[in-house]
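2 protein chains.
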Amino acid sequence: MSSNRTLIRNGRFLIPGAEKPVLQGYMSIEDGTITYIGTDEPWSEAGAGTTTIVDGSRLLFLPGLVNTHGHAAMSLLRGYGDDLALQVWLRDKMWPMEAKFTAEDIYWGTSLSVLEMLKGGTTTFLDMYIHMDRVAEVAELSGIRAVLTRGVLGHCPPQEQSSKLAGAVQFARDWNGAAGGRITTMLSPHAPYTCPPDYIMKFVQAAHDYDLPMHTHMSETKREVEQNVAEYGLRPVQHLEKLGLFTRPSLVAHGVHLNDEEIAILARHEVGVSHNPGSNLKLASGIARVVDLQQAGVKVSLGTDSAASNNNLDLFEEMRLAALLHKGISGDPTAVPAPEALRMATEYGAASLFLKDVGRLAVGMKADFIALDIDQPHLLPHSDLLSHAVYSASARDVEHVWVDGKQVVKHGACLTLDEEAIRRKAQETFESLLKR
Amino acid sequence: MSSNRTLIRNGRFLIPGAEKPVLQGYMSIEDGTITYIGTDEPWSEAGAGTTTIVDGSRLLFLPGLVNTHGHAAMSLLRGYGDDLALQVWLRDKMWPMEAKFTAEDIYWGTSLSVLEMLKGGTTTFLDMYIHMDRVAEVAELSGIRAVLTRGVLGHCPPQEQSSKLAGAVQFARDWNGAAGGRITTMLSPHAPYTCPPDYIMKFVQAAHDYDLPMHTHMSETKREVEQNVAEYGLRPVQHLEKLGLFTRPSLVAHGVHLNDEEIAILARHEVGVSHNPGSNLKLASGIARVVDLQQAGVKVSLGTDSAASNNNLDLFEEMRLAALLHKGISGDPTAVPAPEALRMATEYGAASLFLKDVGRLAVGMKADFIALDIDQPHLLPHSDLLSHAVYSASARDVEHVWVDGKQVVKHGACLTLDEEAIRRKAQETFESLLKR
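Protein chains in written order, with the numbering used here: chain L, 1 to 436; chain W, 1 to 436.
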């Protein structure tokens, strides 16, 4: 049988949760799947197909990072309005600019973000935005793994509501399983405070009809929780539970303001929470109860949110921030230890996006993995490489990236996207948006 | 007159606090001092000396970062003991290894840290540790600006106390003003909980005798504050005030657990506080009242603490962490805005170390400055470059570094230290420490 093989020799591989979390040895990949990982060389002679040999010394291999919440195209607004009160930021900065966004803008803004994410070791991202066909095009071209969903604002006339829902469903059906399975889709009423209850129920019905998971913003700010109680007599979790949203496989973004009862409901329905510490701090939304969520058995993963409120898409930073912040807040230096932070950014992220066979370096898993250059001052001495990946490394330490067994970043350069063109287009688009 | 000139052409320069914080234009340096910064080209023909021309397009220039608290040699223990309770970490991990440190180990550990700092844009660092002659050697060789002080643990017999104090004073006198003024010194009783009151008073007297500023750890953990009250009937700030420490120009590290009265005392005596957010979170020490300190007029700067509790020396990360954390904690998204965070890491840092003419890009200031490569996906579009420096950049974006007008990092490579040798020695030293 002829196949495309890659063999990593003499590498160090991170296996968080294992008794020995740093394995020194070999990993082989065939046709997009990990076929071997262990201390011995897996085959002694070349097979019938082509074998690419990678010298793994000086490199640390880990699963590709999984970003479970974001709005990629908004990188066009990076640095456009910082240090402002949330409502001022939205009303005076974000909304007027977003209203000008064309499908073409979305394409280049998404390209900028996907380029940043791939170069920074993120191999899977969830994107909730508009003009999703253009987002899907970028995902297809770039080689990244993507979970895509049209985010729908529902306070509009019934006809517009119907058309938006139909569009979101059409997109989800068109692209689910596309790009050789690299693209999957979800359905997303934007948030309980931006969609009327009956409209959310229509999304739930559609998700049942087409067997799609659901994603929504939830309980990001104290104000929206209070508003939900005032309008509907329920806090957001109970409200969404009542509307049936949690009868679908679901992932909510933020989950900052939750009480014990809400945490118990999320755990009971196996609802994932995408924790976005950087964005939540920057917008002063608050600090999610991550330790309590995890103790209740809720799957907590990590998201960057958009570069407009972060202001980068470096998932190493979110991983470290989660590990540090919840120690400081809880007063417990053993909270969110390094292996757990790494799993939040990889294994738990993949599970939160309902991706099977993604997020770990193990036989049978999809070959989404990255290699860090560990022969650098800030990653020495090599005392505990898992600790270094979480507490010392950054996106800029990523040397190589593979998705689905295909190398997409080599020596820091993206092989699938035209970086020069994207950088130029991103700048031109921003300047043009200012003038429109 | 013959002199060494550098001229930056077509650069963008950060001037936080100015009406236009991003100046596009030119900067000239002669013999270590900034002689011009402005929109017009400063001279039309070469002078009598050598002029080095730097093309500043695609680069963002900012003052070199100032790290106001650390223990450089402890980078040898990076990743050696994470996610542990503070006392376990100290007793089982740090102290046994530090007890083995030789002067030679200190040399290589410090070299590793200085290499990391210079490559990451830190041009000045404070170091409080032992075997300080070897630390000074590294500072002299590397070209970095350094404020050095022997940290003295005082619970020991009188003779040992005297000898340690004498050694600390001797070091401070020998090296103050060395390396063409790049090295200055301070005196440091380690902390109120590690030094008896009468011993601290002897340091104060010596600081008066030799006109030296003082640096100490203070109020890092709740426990040490409680212990201070139990032993001496006073909280640490009142305790140190009573011992006369604040009659000297002083900088305290951490200042996490302070009440209103203590903050007022620090403000009254113009005591600087080195805020170490990464280390404080990681060790679960708590979160300093930075917004309250700043409102009271206390000068708050930034420190990494050692790489054993951080776990890197990336001051961009501390800057961003300070800007994000205090928004999230205060609930005010306008807290610690980007220009203020940048000044904490530059201008306020220099002032906290009693360095005149350091920390800003302005005529007459010492030419300590760095250049970031801003033509990268995560730093585009160029909407607000000051925001990008604080919220999006990292140590790895540093392209060039100058200290005292001399270039020490060029295209990411250190010109003054042997990186290959330092990396090898750091790893060997760690392995040897494990075996000793």
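To be clear, the hints were calculated from the coordinates, so they are not data collected in a lab.
Careful, some of the hints might be misleading.
Put simply, identical chains are the same to the list, so a pair is met inside one copy or across any two.
Stated by the list, open to error - List time: in silico DSS-like cross-link candidates among lysine-lysine, alpha-carbon distance up to 25 Å: (1) 406 with 100; (2) 356 with 202; (3) 435 with 222; (4) 20 with 435; (5) 20 with 93.
For clarity, every value in this text was computed on a predicted model and none was experimentally measured.
Give the relationship of residue 20 and residue 435 under a CA distance limit of 25 Å: within one copy only, between copies only, both, or neither. Result: close only across copies, 21 Å inter versus 56 Å intra.
First find the shortest C-alpha distance between residue 356 and residue 202 inside one copy, then the shortest across copies, and answer within, between, both or neither for a cut-off of 25 Å. neither (27 Å within a copy, 66 Å between copies)
Between the shortest in-copy and the shortest cross-copy C-alpha distance, which are at most 25 Å for residue 20 and residue 93: within, between, both, or neither? between (49 Å within a copy, 20 Å between copies)
For residue 435 vs residue 222, is the C-alpha pair at or below 25 Å within one copy, between two copies, both, or neither? neither (35 Å within a copy, 54 Å between copies)
Status of residue 100 relative to residue 406 across identical chains (alpha carbons, at most 25 Å): Neither way: residue 406 and residue 100 sit 36 Å apart in one copy and 47 Å across, limit 25 Å.
Taken one by one, the earlier hints fail for this structure at numbers 1, 2 and 3, listed in ascending order.
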